[in-house]
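Below, each chain spelled out in residue letters.
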Amino acid sequence: MLLSEKKKEKMVITGNHAVAYAVKLSRVKVISAYPITPQTSIVEKLSEFVEKGELDASIIKVESEHSALAAVYGAAIAGARSFTATSSHGLLYMHEWVHWFSRARIPTVMAVVTRTIGPPWNIWPDHSDFIDQRDAGWIMSFAMDNQEVVDLVIQAFKIGEDPSVYLPVMIGLEGFILGGTAMPVELPFEEDVAKFLGERRQPYSVADSVVSVGNLTSPEDTELMQMDIQAAMERSKEIIRKVDEEYGRLFGRKYGGLTSCYRCEDAKYVAFTMGAWSGDAMEAVDILRNQGIDVGLVRIRYVRPFPSEEIKQALSSARMGIVFDRSISFGGYGQLFEDIASAIVNAREKATIVNVIAGLGGVNITAEDFANVLGKLISDFEEGKELSHKLWYHSGEVMKY
Amino acid sequence: MGNYKKYVLPGDAACPGCPIPIGLKVVSSATDGKAILVIPACCTSVVVGSAPKSSLNMPVVHVPFASAASVASGIREALLKRNKEDMSVIVWAGDGGTADIGMASLSGAAERNSDIIYIMYDNEAYMNTGIQRSSSTPEGAWTTTTPILGKTEQKKDVAKIMMSHNVPYVATASIAYPHDFYNKLTRALKIKGFRFIQLHSPCPVGWRFDASLTVDVAKAAVETGMWILYEYRDGKLEFSNPSKYLIEHNGFKPIEDYLKLQGRFSIIGRERIKELYAERDRNIEWFKKLL
Ligand SMILES: Cc1ncc(C[n+]2csc(CCOP(=O)(O)OP(=O)(O)O)c2C)c(N)n1
Ligand code: SF4
Chain R
1148 MLLSEKKKEK
1158 MVITGNHAVA
1168 YAVKLSRVKV
1178 ISAYPITPQT
1188 SIVEKLSEFV
1198 EKGELDASII
1208 KVESEHSALA
1218 AVYGAAIAGA
1228 RSFTATSSHG
1238 LLYMHEWVHW
1248 FSRARIPTVM
1258 AVVTRTIGPP
1268 WNIWPDHSDF
1278 IDQRDAGWIM
1288 SFAMDNQEVV
1298 DLVIQAFKIG
1308 EDPSVYLPVM
1318 IGLEGFILGG
1328 TAMPVELPFE
1338 EDVAKFLGER
1348 RQPYSVADSV
1358 VSVGNLTSPE
1368 DTELMQMDIQ
1378 AAMERSKEII
1388 RKVDEEYGRL
1398 FGRKYGGLTS
1408 CYRCEDAKYV
1418 AFTMGAWSGD
1428 AMEAVDILRN
1438 QGIDVGLVRI
1448 RYVRPFPSEE
1458 IKQALSSARM
1468 GIVFDRSISF
1478 GGYGQLFEDI
1488 ASAIVNAREK
1498 ATIVNVIAGL
1508 GGVNITAEDF
1518 ANVLGKLISD
1528 FEEGKELSHK
1538 LWYHSGEVMK
1548 Y
Chain Y
425 MGNYKKYVLP
435 GDAACPGCPI
445 PIGLKVVSSA
455 TDGKAILVIP
465 ACCTSVVVGS
475 APKSSLNMPV
485 VHVPFASAAS
495 VASGIREALL
505 KRNKEDMSVI
515 VWAGDGGTAD
525 IGMASLSGAA
535 ERNSDIIYIM
545 YDNEAYMNTG
555 IQRSSSTPEG
565 AWTTTTPILG
575 KTEQKKDVAK
585 IMMSHNVPYV
595 ATASIAYPHD
605 FYNKLTRALK
615 IKGFRFIQLH
625 SPCPVGWRFD
635 ASLTVDVAKA
645 AVETGMWILY
655 EYRDGKLEFS
665 NPSKYLIEHN
675 GFKPIEDYLK
685 LQGRFSIIGR
695 ERIKELYAER
705 DRNIEWFKKL
715 L
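Protein chains in written order, with the working numbering: chain R, 1148 to 1548; chain Y, 425 to 715.
Bear in mind the hints are in silico, worked out from the structure with no lab data behind them.
Any given hint might turn out to be false.
Keeping only pairs whose Cα atoms sit at most 27 Å apart, straight-line, the calculated BS3-like set for lysine-lysine is [what the hints assert, rightly or not]: (1) 508(Y) with 458(Y); (2) 1199(R) with 458(Y); (3) 1199(R) with 505(Y); (4) 616(Y) with 1208(R).
In this text the structure is predicted, and so the values were computed from the model without any measurement.
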C-alpha cells in the first residue's frame, strides 16, 4: 500500500501557493526564479519554505528570467530536480532558453502564471504568453482549479522524467483567477509523493560522466534529434494517460488524461475551452442542457502533445464544435482552433467548427456569456443560417474577426 | 604543469595560431580535468569540434550567448546538493559573451558570490561572427563594424568592474605567460566563491598578424604596458611579473612595438598614440592606489 493511512486535510490556498506546496512535496533541489506579477508569491513561498528549513533546496537568486531558466538548466543537467516559475514578459524574456532546454532533452518543471502581454501594461490574464511557447518542445498542461494545479505539478515531474519522454514540462494557471484566489485543496503526503515520483531520472548528467552537451553537429544529426523530440512527444501521450490513471488510483483524483470531458459523451454540440473559465463554461453547459440543448464541453488539459485523437473522437458524432480561445495568432486564428482544425482535417465525417476569441487582456467571461454565445451559435446553426468560423466575443456581442 | 594531453586532444577546429587551445591546455592541466566547462557562443564553440567528437576530454556544457554565469551557478548548486563538491565549475567565455551580452548574468553571479571560476578570454572583438567590435575592443582598432574610423570608444575594463563586486579573487593573465596563468588558476581553485580571470588572447585573424606571432603579440602587450598582469585578493592588489618588474623599473618598451605588430591599428595616427601613453600611465597610477 503506497498511501499513508493518515487522514488527509484540506487547506485553503491560492493557486500560486498550490504550486509552491507541490514543488515542496516533489522534493525539488534547485529553484531559480525572478519576480513578476502575478507569479511572485510562488517564489516568495518557496523562499519561506527553504529559510524555515522545511524544504532542502537551494534557491538561486538571479538577476533576470533569462538567467533563471539558465540556472535551472545548469542544475538539471548536473542531476538535480529543479523548478522555476514566471509569467508574461518574464516568459518572453526566457524564450531563448525555453527552446534550448527542451532541445537538450532535460526534464524540469516550470509554472506559468499567465498574464497578458504588453503594451499596454496589463496584469490580467489571458493565454497568449503561455501559447506563445507552443512550438518549443515542452510538454504543456493547463490547470482549471487549484487542486488540479497541485496534481499537475507533481505529475509533471513524473511525466517529464519518464525515460520514454525526457522533456521539460510547463504548467499554466491564470494569474489572479487561480494564482491569487484561495480555494480548498487537498495535499498528498510527502512520503507518498516521494514514492510516486521516485528518484530523479534524466538521460545524462555532466556531473556523472564526461559528456559534451550542445556542441556543433551535422545538419543530419540535428534533424535526427528533432525527430526524436517529436517521437518523444507522441510517446508522452500514453505516459500522460498512465500517470493520470495511476495518480487517480493512489491519490483519488483523475482527470481524463489529455482532455477532460463534461457531458460531452452524447453531445451534438461540443464547446472547447482551456483553463479556469472552463468552470464557467460547464455552468453554461448545465444551463443549456436544462433548456434541452445537447451540449457538452471538452476541456483541453494538454496543449503539447496536442490531444488530436480525443478531439477527433469528440467531434466524430457531433454536429458542431465551438472553440473558445483566450489568445490569438494575429493574422490567423485562435491557436486552439488551429490545432483542433488540424486534428480533424483527415476525419471522414467532419463537424462544422467555429472559433470564438474571447477574454483577451483579462476581460471577464461569465457562465452567462458562455451560455449566450453557445445558445446563439447553436440556434443559428439549427436554423441553417450561414455562420462565420471567425468570431470575436466582445462586450456582449459576437462579431467577425 | 599537469598533464593537459589527457584532456586537450590533438586535432581541433581552431585557426592556425589561435590562442584558445593554449588557454584551454592551461585550464585542463591546472584542474587536472576535474572541472565542468561552461561555454557560451564564441569561437570556442567551434574550436572544440563537432559532435559526436570533441577535442576536449572534459564535461562541456555549451550554452546560449547571454547566460554562461547563470548556467554555471545552477551546476554548482546541483553539485552541492548532490555532495559532488570536488568538481570545479569553470566558465570559459569570450569578451563579447562577458563584457556585452553576458554582463548582467556575470554581475548577478558575482553579486551572489556563486562558487565558480569565470575566465574571460579576451580577444578584443567578436571573432566567431567575423571580427565585429565588442565593448572590450580597444579604441582605434579596426573591426568590420568600425571599418573606416576604427573603434571610437574606450575598451571596457571588465576586471575593474569585477573588483567593484568585491569578489574574493580577480586576476589578469596572458596566453604569453602560461605559468603565471597556471599559478593564478591554481590559487583561484583553492578559494571559495566567485573568481574572475581575464586572459589576454591575441587572435591572428581578427588582429591581422601572422599566425606564428600569437605569443609574441601577447608578450608585446605586456612588455609595453598595454596589458598589466595583476592579482586582486581581499581588497589588495599585487602586480605580477613581468608587469611588476617593468612598472618598478619603468622598463616598458615603446607602445609602437605592440601596435606595429598588428594590422588592426594601422589606421591610428600620432595624436592617438600620444594619448595611449598617457592612458597607460594613468591606468598604472590607478592600480597603484590599490597596492
Ligand atoms: C543572442 C545571440 N546574439 C548573437 C549571437 C551571435 N554570436 C555568436 S558568437 C558571437 C560573438 C562572440 O564573441 P566573443 O564573445 O568575443 O567570443 P569570440 O568569438 O571572439 O571568441 C555572436 C555575436 C548569438 N549566438 N546569440
Ligand atoms: S578567429 Fe581568432 S580566436 Fe577565433 S578561432 Fe580563429 S584564431 Fe581563434
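- Query: For which of the previously enumerated hints does the structure constitute a violation, in increasing order of number?
  - Reply: Hint check: 2 fails alone, others pass.
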